[in-house]
Amino acid sequence: MRHFIVLIFCVIFVVGAVAPVKAEADREQLLKETGVYATFAVFQASEQWWQMEPQARASASADVKKIIEKYADRLTTDVHLLRGLSERADILIRIHSKEMIHNQNFLLDLMATNLGKHFKNVDVFNGITKALNYVPNFPGDLKDELKTPPPQGSKYVVVVPIRKDAEWWNTAQDSRTSMMKEHTDATVAYLKTVKRKLYHSSGLDDWDFITYFETSKLDDFNNLVTGLLQVKENQHNRVFGDPLLLGTIRPLDEILEVLAR
Amino acid sequence: MRHFIVLIFCVIFVVGAVAPVKAEADREQLLKETGVYATFAVFQASEQWWQMEPQARASASADVKKIIEKYADRLTTDVHLLRGLSERADILIRIHSKEMIHNQNFLLDLMATNLGKHFKNVDVFNGITKALNYVPNFPGDLKDELKTPPPQGSKYVVVVPIRKDAEWWNTAQDSRTSMMKEHTDATVAYLKTVKRKLYHSSGLDDWDFITYFETSKLDDFNNLVTGLLQVKENQHNRVFGDPLLLGTIRPLDEILEVLAR
Amino acid sequence: MRHFIVLIFCVIFVVGAVAPVKAEADREQLLKETGVYATFAVFQASEQWWQMEPQARASASADVKKIIEKYADRLTTDVHLLRGLSERADILIRIHSKEMIHNQNFLLDLMATNLGKHFKNVDVFNGITKALNYVPNFPGDLKDELKTPPPQGSKYVVVVPIRKDAEWWNTAQDSRTSMMKEHTDATVAYLKTVKRKLYHSSGLDDWDFITYFETSKLDDFNNLVTGLLQVKENQHNRVFGDPLLLGTIRPLDEILEVLAR
Amino acid sequence: MRHFIVLIFCVIFVVGAVAPVKAEADREQLLKETGVYATFAVFQASEQWWQMEPQARASASADVKKIIEKYADRLTTDVHLLRGLSERADILIRIHSKEMIHNQNFLLDLMATNLGKHFKNVDVFNGITKALNYVPNFPGDLKDELKTPPPQGSKYVVVVPIRKDAEWWNTAQDSRTSMMKEHTDATVAYLKTVKRKLYHSSGLDDWDFITYFETSKLDDFNNLVTGLLQVKENQHNRVFGDPLLLGTIRPLDEILEVLAR
Amino acid sequence: MRHFIVLIFCVIFVVGAVAPVKAEADREQLLKETGVYATFAVFQASEQWWQMEPQARASASADVKKIIEKYADRLTTDVHLLRGLSERADILIRIHSKEMIHNQNFLLDLMATNLGKHFKNVDVFNGITKALNYVPNFPGDLKDELKTPPPQGSKYVVVVPIRKDAEWWNTAQDSRTSMMKEHTDATVAYLKTVKRKLYHSSGLDDWDFITYFETSKLDDFNNLVTGLLQVKENQHNRVFGDPLLLGTIRPLDEILEVLAR
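Chains as they are written, first to last, in our numbering: chain A, 20 to 280; chain B, 20 to 280; chain C, 20 to 280; chain D, 20 to 280; chain E, 20 to 280.
Derived from the structure by calculation, the hints contain no laboratory data. Please note: incorrect hints may appear among the correct ones.
Pairs count within a copy or across copies, as identical chains cannot be separated in the list.
[Stated by the list, open to error] Listed below are the simulated DSS-like cross-link pairs for lysine-lysine, each with C-alpha atoms no more than 25 Å apart in a straight line: (1) Lys-214 to Lys-162; (2) Lys-117 to Lys-211; (3) Lys-139 to Lys-149; (4) Lys-139 to Lys-51; (5) Lys-89 to Lys-174; (6) Lys-200 to Lys-211; (7) Lys-216 to Lys-136; (8) Lys-200 to Lys-216.
Use the sequences and the hints to build the structure in full.
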C-alpha cells in the first residue's frame, strides 16, 4: 500500500511539473493587476476523512491537482497548510481571477471531488485588488522606501481580515492619508522581510480588507504587527483578525501528502 | 448513470419551460408592490448529501422544481448559488407572497422533499415591502435620478441584513431624511449597474432591514458600499451584514446540477 | 402506509376533541392570573428524525398529545410552528402552570417520548406573570384604551425576549413610568390587531422579559415594533430578540402532520 | 425489562441509603469553611444516550452512585436536574473539596463511566470559598439581619456566574463596600426564602464569581434579582449569567431515573 | 485485557524513562531563551474515542510518546490534563522550538496518529518569547524581588491569553512602564508560589499575549489574579482569558492512562 501511495505522488509530481508554463505567465499578471478578484477559501477535513484508508486519501488528494490544472488558464491558486497552527482549518486556498464567478466555479469543482466532499468549508474571504488609495499622497522618500523588493521564497503565510469602524469611514480623506502614512512608516523596517498584499472586501464579504503576508521571519512579523497596533489608525480597527490565519508555504505535493498521512 | 442524470435534467427543463407563463405575471406584481412578504431562506447541504450517489441527488433535486411549480400561483421564488463564495451556505431562496404563511407552507413542503431533508436551514430573514419612507421628501433632481432603470440580467446577488441602533430610531424624521439623502446621493453613480431592493424586518426577524442587490460589476458594488460606509447614517448601523451573502444568479437547472455533481 | 398515517391522525383528532373540556377552564385562569410560571420550550428535529419513515414519525408524533393530556389538569400548553420562518427551530411550546416544576415535569416526559428523543431543545425561556408595574400610574384615558379587547383567532405568533441595561434598572421608578407611558402610547393604534402578554424573567433565565404577541396582521406588527424602537425606553434594551421567534398558530394536529410529512 | 429497571433502582436506593453517614459530617464542614474548592460541572446527554435501551441507561446511571461513594471521603457532590428548564444541559453537579485535583479526579472517573461517555461536559465553573470581604464593615443591624437562618429543603437551584468590569476592580475598597452594602440591603427581605452561597473564580475560570441560590419561591427569587439589578453595583456586572442555570433539587435516584426513562 | 493495558503502559514507561537525557538539556535552553516559538495546542477527544475499547485507546495513546521522542531533539513538549476542569478540552500541549514550522510538523505527526485522528484540535495559541520590555526601567528593589526563584514541582497549570485594547498600544512607553510597574508590584507577594512565563502573540494569533502559570496554591493564584484586576493596566485588557485554561501537571503516563480509561 505504501508503494502505491508513493506511486500516486510520483504521478502527481510529474503531471504537476510539466503543465504550468503558460499559466505561470498569467499568474504574474493576476498577482500584480488591479481589478482582480481574490477568494480565500479555508477548509477543514472532517473526522471521516482521517478515518479513510491512506490510499483512498492519497487518491482523493490527487484530484485537487486535476482541478487546479483544469482552471489554470483562468485563475491562479496557492494552497497553504494551516493544520496544527490554527484550530479552525487545515488548508487555505488563495484564488485570483478576473471574474468572481471563476473563483466560484473552481471551488464548486473542487468541493465536488472526493477530497472536497470530506472537507468543510469553514471560511471564505472575498476581495478585489485596487489602485493604491493613500500612497500617491505620501512624501517622496516614503514612496521610494515602498519600492524595496519584497522577500521571495518565504516560509510562512499570514492572513488578517480587517473591519474598520464607522468613524474611520466618516473621517476626511486627508486625515486618513495622514494616519495611513503613520501606519506605513511603521512598516518600512520590515519591507525586506515581510511581503504584503491588500484586498478590498467591503460589500463582497463581512470585512473591509483582507491583508495577506508572507515572511520567513515570524519574529519580525510580530514586531511589525506590534508597530501597527501602536499607531492611531489601529483605533479604527473594529475587528483585526478573528480569525487571523497562520500557515506554512510548502509544495502542493507535500501538503497533499500531509492530508493523506 | 451519467445519461440518466442528463435525462432527468432534460425532463426538468421541459417541465420548467412550459408552466410559468401565468405565474410570471404575478411575479412582476409581487416584485413591485408594497405589503408583500419576503422570506430569504438559506440552506447548506449536509455531509450526507454529498455522499449520496449523483443519480439519487439528481432525482432529489428534481423535486425542488415540483414544489416551486406547486406554489407558483401564490408566490415567486428565486434560487441563487452561494456555495464556494460563502462558508455558511450553498443556496439562497428568495420568496415573495401576499401572506407570510404561504412562504412558510412552501418551505415546509420544500424541506419535506428528499433534497430538503438533507439540507440544513442555516438562515431565515423575513421582511415586508413598504412605501418609500424618505424619498418623498428628497429634492426633485435626486428623485429624477432614482428613476434610472436598474440593470437587467445581472450575474451576482448580494444580501445584506442590517440592524440600526436605538439612537437612529430615536432621531427625528427630518434628521433621518437628511441622512438618508446623503446615503442616497452616494448611490446615484451606481444606479445603472446595481439594482437595489429594500425589505423592512423589525418585529419579523432579528434585523431592521434586508437589503438586496443584483449586479454584474462587483467592482462597482465594492465602490458603492465603500461610499455608503462614508456617510453619517452608517454610524447608526449596529450590524451591517454578519452575514453578508454573495452568490451568483444562474438558471435553476444549473444550480440543481451543481448540487447533483 | 398513507392510510395508516391518516388513520393515526384520525385517532389523534378524536381523542383530542373529547378530553379538554375541564382543562380549558383552568386554561383561562392560567392565562390571566399573576404568579403563573411560563416556560417557552423551543425544539428542532434532528437530521435523523427526517430520515425516519413517515409512519414511524406519525406514530411518534401521536405521543405528544398523550403527554399533553396527561398534564392537562396542571398546565396549559400551546404548540406553534416555527419551521420555515426561523432557522433555529421547528416548534415552540408555551407552557403555563402554578409551579415551575410542573413545566419541567411535562418537558421531561415529552422529551422522553420517541418524538422528544429526536428533537433538540434549542431554547428555553422561563418567566412569571406579575401585576402591572407601570399602568396604575398611567393617565385615565390611556388606561381606558388599554381595555380594548385583543384580537382572537390570530394566525401568527411572535416571541421577543428582552434584556434591559443596568442603567434602566438604576433609573428612578417615575422616570421609568414616564418612559413606559411613551412606549405604551405607541402601542395604542395596534391594540385591536395585536395581542400582547408579558412575562418577567430576571433570575429565571438570561432575560429580563419575555414578550409574547399574537396577530393576523404582520404589517401592523412591523409598524408596532418600529414605533416601539422609536421611543426612549428602547435605548435601554441591551438585547431585543436574538432570537426573535416568528411562527404560525395552527391546530396541533396540523403541526404534528407537518412533522410526519 | 421494566421489572429489571425497578430492581436496579431498588439496589441503587439501598446502597445509597446506608453509606453516607460519615461523609455527611465532612459535608457540613466543606459547605461552611473557607478555602474550599468548588467545581460546577454541567452535562448534557448525547443523542445516542437517548437511543440506548432504558435498561442499559438505568445500568449506566447506577455507576454514577458508585463514583460518588468512592469519593465520599474527599468531596461532597450535589446533583441537580436542569433538563427541561435549560436548553444547555441535563444535569448540574456541584462538587466541594479541599483540593481542586480531587474535583478533577472525581470528574475523570465519572466521565469514564458508561454514563459519562455519553454525556457532553458543556460547562465547568471553578471557584473557591473565601472569608467575607465587605460584611465586616457593614453596620451592626445589617450584620444581624444576615444571621437569618436560610431556608431548608428548597425545591429549586439557580447558578449565576458573574464577571465584573475593570472599573469595579479599580474602585477603592470603601466605595465597593458602600455599593455592596446597598446590594446586601436589597437581599434582606429574601433571606428567609432564598439561600445564597458565593464562590470566587478570578484566575480559576472565565468568571469572577459564581453565585449559587436555593429557593422554593421562584417569585421571591425573581423579585430579589430585580432588586439586585436596581443597585449601582449592577452597573459593574460585565456579564451576569449567560448562562444562568435553573434546575430542581430532587433525590439523586429520581434524577437518575429521569435519565433512564 | 486489563493485563494487556498495564503491559502497554509498562512498555511506555520504560521507553519514556531512557531516551530524554540529551533532550532535557535543550529543554532548559528553550524554556529560558528569547526568540523561541511556542505553540499551545488544545485537544478534546471525540465521542467515538470514548467508545473505543480501552485496549485500543491505550495502544493509540502509546503513539503519542513515540512522536514526542521523534521530535525531542528539536522541541520540548509539556502535556497537561484539562479534562474535568475545562469544558473545552481534555489535554493541553505546550511546545517550544526555534522555528514555528517544527511545532507544526510535530502537531501534523501527532494528529496523524490513531489518537490524533480521534481528537479535535479546539484551540491553538502561538507566541514567541522576547526580551523583557518594561523590567529594565523598573526600580532596583523591584528588579531584585523579581529574582525570587519560582516554585518547582507545581500541581496546577493555568493559561490566560490576553488581548489589549487599541488605547493601550497607543499609550506612550513610559506610561505603559508605569502601569506595568503597578502590575508587577501586585505580583511580588506571589513570586514564591506562582511561576509565570510570557509569550508575545500579536500577528501570530488572535491574541497579544499568552500568559502561562504554574502553582500548587490555587488560593494564592486567585488572590494574585484579583490583585492584577485591581490595577489600571487591567482597564486595557480587551479580552482576559475566554478561554482561561486550568489543568493539572501530571506524569505523561498518568495522562495517557486517563485517556485510555
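Here is what the structure says about each hint:
Only within a single protomer do Lys-214 and Lys-162 lie at most 25 Å apart by alpha-carbon distance; the minimum there is 16 Å, versus 39 Å between protomers. Proximity of Lys-117 and Lys-211 under a CA criterion of 25 Å is satisfied inter-copy only: 21 Å between copies versus 29 Å inside one chain copy. Proximity of Lys-139 to Lys-149 under the C-alpha cut-off of 25 Å is found in neither arrangement, the shortest distances being 30 Å within a copy and 37 Å between copies. For a Cα distance limit of 25 Å, the shortest separation of Lys-139 from Lys-51 qualifies neither inside one copy, at 30 Å, nor across copies, at 39 Å.
In this homomeric assembly, Lys-89 and Lys-174 come within 25 Å of each other (Cα to Cα) only across copies, at 23 Å, whereas the closest approach inside a single copy is 27 Å. With identical chains, the CA atoms of Lys-200 and Lys-211 are at most 25 Å apart within one copy only, with a shortest distance of 18 Å there and 35 Å across copies. For the identical chains of this complex, Lys-216 and Lys-136 are neighbours neither inside a copy (31 Å) nor across copies (35 Å), given an alpha-carbon limit of 25 Å. In the homo-oligomer, the alpha carbons of Lys-200 and Lys-216 lie at most 25 Å apart inside one protomer (17 Å), although the nearest pairing across protomers, at 36 Å, exceeds that limit.
The structure does not agree with the numbered hints 3, 4 and 7 stated previously, though it agrees with the rest.
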